[in-house]
Amino acid sequence: MYIYLPIAEQPIHSLAILGVGTFLGLIMGLVGVGGGFLLTPIMMFLGIPPPVAVASVANQLVAPSVSGVLSHWKRGNVDFKMGTVLLLGGVVGSSIGVVIFNFLGKIGQLDLVIKSSYVIFLTLIGSLMLSESLNLILRKRKGKVSRGKLHQHNWLHGLPFKTRFRKSKLYISILLPIFIGIIVGILAALMGIGGGFIIVPAMIYLLGMPTSLVVGTSLFQIIFVAANTTILQASQNQTVDIVLASILLLGSVVGVQVGSRFTNILKGEYLRLILSTLIILVSLKLLTDLITIPSDIFSVIINR
Amino acid sequence: MKFFTFLHILVLAFLISYEVKAKNQIVADLSQENVKITTDFLGAKILLFGAYDGKKGDDIIVVVTGPKGLVTVQKKEKVFGIWVNTKSVNYINTPKYLNISSNRDINKILNQKTQKISEIGLNNLKIRLQPGKKVQKENEWREALTRNMLKSKLWSLNENSISLNKNALFRSYLNLPSNVITGQFEVKILHYRNSKLISKELSTINVSKSGVSAEIYNIAQNYSTLYGIFAVILAVLVGWGTNLIFRKV
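Protein sequences, first through last, are from chains A and B. For the first sequence, position 277 matches number 277 in the working numbering, and the numbering has no gaps at all. Going from the second sequence to the working numbering is simple: count from 1 and add 304.
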């Protein structure tokens, strides 16, 4: 069943999009991350113009994040103070991101920047996840499971404007989470991601937050960053395709719920192994597109 | 249903053909003059049919031209191993849709000079570079424009696609691809005898967005901030809603 997308201005198979949304939702539910940074490249592979893919995925991300935060909140796994500080940075960052996005579109390099940032981040995150999950599998086979230090002190903790975050049991400079928020916000707006895969490690390793709070708190800030990106993309570039986003989010919210119910059945490290392989494959596909000789070195843009 | 319409058209065409014979003219009609891009739009196929006062050896050429405007051609070059758009050129007055069809090879109907003067043929369009801009090897860019427009199916050249019947009736199909641009499309039907234009008929096709798809597009363009806020609220509600539903399951 084909449906004509009003903003992307092309027909697309609605069941295929629904399927992709559900599949990505499942991954999100199972692993906790992986919504946007796989969804946007897949949309581009399906022929959605990158600007529309980025903006519509940002819109879509709001739904599973809201749904996720509500479940985490119920279990008391959200540090709202930390989340608010992060999201302040995130809103600033995503606003900067949309401005950069606009500028890149004007000089005709948007596709290149979106695709190459994906190659860089997907390769990085894919190989990190791959080695981590392989390590864990090997260690478990040997029967030793050691835990790393949860909280380390470094020079970052010496920055001024120290604030107490009771829930996270932290006393750190407020500049640090704001800075992290800004960086993630810029990337979120540019790449059509929530930024979970960057902010989660940053919260654990840079801020030293307890892991139990990390996913809920990051989802909390993602809602606002994704919402801000959506509104700015809509008002600045008119690239949010609400039909595309709606089909995707319907699939993903169901996928997330189903996925989160299976987290106890499937082993985390095997899941991460599969996911990281998937990520590396997507990144390789994007990389080959960038480095192989295009079938035509000329391309045409029809200005509407 | 389809058969009936075709029969209907045929009878109509025969009736018209008497009129045509008397006045030495060409008349034509389209199966669809208003193309609506709705949520189930997959492109459109329009039947163009009509009658002409013909003799053996007469020719018919149909030129359909969509809205004209700015089209950008970009060129990629390898920079540090990656293919990057490095140069771009703007063409003005470029038709964003073009369909040229004829009953036989256009070169057999008209000589090169006539083709050029009457702007028939993909290379005879009066397309210009944006004033004040110059590029080296302009023809390379111009060829790339034609090649890419043909690939996107927005331009097409269909020689031998018009079928003539008893030197009195003609019929042809126009394909509008799903990525077609909205606006007014000018249809020119030209009747040639021994390379001389003896009669012509003009018509128009209107392509517009319609229904929900049009509403969404208009809101996104005209009330863009509100549209963005609405998109967010919708996502929040769906996220919240699923949480409520699944909590009970």
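These are calculated hints, taken from the structure and not from any lab test. Do not take every clue at face value.
Said to hold, decoys possible - Subject to a maximum C-alpha distance of 16 Å in a straight line, what follows is the list of computed EDC-like cross-link-like pairs (lysine to aspartate or glutamate):
1. A:K115 with A:D289
2. B:K382 with A:D296
3. B:K391 with A:D289
4. B:K380 with A:E132
5. B:K382 with A:D289
6. B:K379 with A:D296
7. B:K455 with A:D296
8. B:K380 with A:E269
9. B:K391 with A:D296
Said to hold, decoys possible - Derived DEER-like restraints, expressed as beta-carbon distance ranges:
10. A:Y2 with B:Q440: 20 to 30 Å
11. B:Q488 with A:L124: 42 to 52 Å
12. A:I265 with B:L548: 44 to 54 Å
13. B:K437 with A:S173: 31 to 41 Å
14. A:P294 with B:L433: 35 to 45 Å
15. A:V258 with B:L433: 52 to 62 Å
Where a beta carbon is used, it is the ideal one built from N, C-alpha and C, also for glycine.
So, going through the hints one by one against the coordinates:
Our distance criterion of 16 Å between C-alpha atoms is met by K115 of chain A and D289 of chain A, whose separation comes to about 9 Å. Annotation: proposed proximity of K382 of chain B to D296 of chain A holds, straight-line Cα distance about 13 Å (limit 16 Å). Between K391 of chain B and D289 of chain A, the direct Cα distance comes to roughly 19 Å. Violation of the 16 Å bound is thereby established for this hinted pair. Between the alpha carbons of K380 of chain B and E132 of chain A the distance comes to roughly 38 Å, so the proposed pair goes past 16 Å and is violated.
Of the supplied pair hints, the one linking K382 of chain B and D289 of chain A holds, its CA atoms being roughly 13 Å apart against a limit of 16 Å. With a C-alpha separation of about 9 Å, the suggested pair K379 of chain B and D296 of chain A falls inside the 16 Å cut-off, and the hint holds. Under the criterion of a C-alpha separation no larger than 16 Å, the hint pairing K455 of chain B with D296 of chain A is consistent with the structure, at around 11 Å. Simply put, K380 of chain B and E269 of chain A have alpha-carbon atoms about 42 Å apart, too far for the 16 Å limit, and the pair is violated.
For the proposed pair K391 of chain B and D296 of chain A, the alpha carbon gap of about 14 Å is at most 16 Å, so the pair holds. Between Y2 of chain A and Q440 of chain B the CB atoms are about 43 Å apart, so this pair departs from the stated range of 20 to 30 Å. A hinted range of 42 to 52 Å for the beta carbons of Q488 of chain B and L124 of chain A is consistent with their spacing of about 51 Å. Take I265 of chain A and L548 of chain B: their Cβ atoms lie about 25 Å apart, and the range 44 to 54 Å is violated.
For K437 of chain B paired with S173 of chain A, a C-beta distance near 52 Å fails the hint of 31 to 41 Å. Against the hinted window of 35 to 45 Å, the Cβ-Cβ separation of P294 of chain A and L433 of chain B comes to about 23 Å, which falls outside the hint. Hint check: V258 of chain A to L433 of chain B, Cβ distance near 56 Å, so the stated range 52 to 62 Å holds.
Checked against the numbered hints given earlier, this structure breaks hints 3, 4, 8, 10, 12, 13 and 14; the rest are met.
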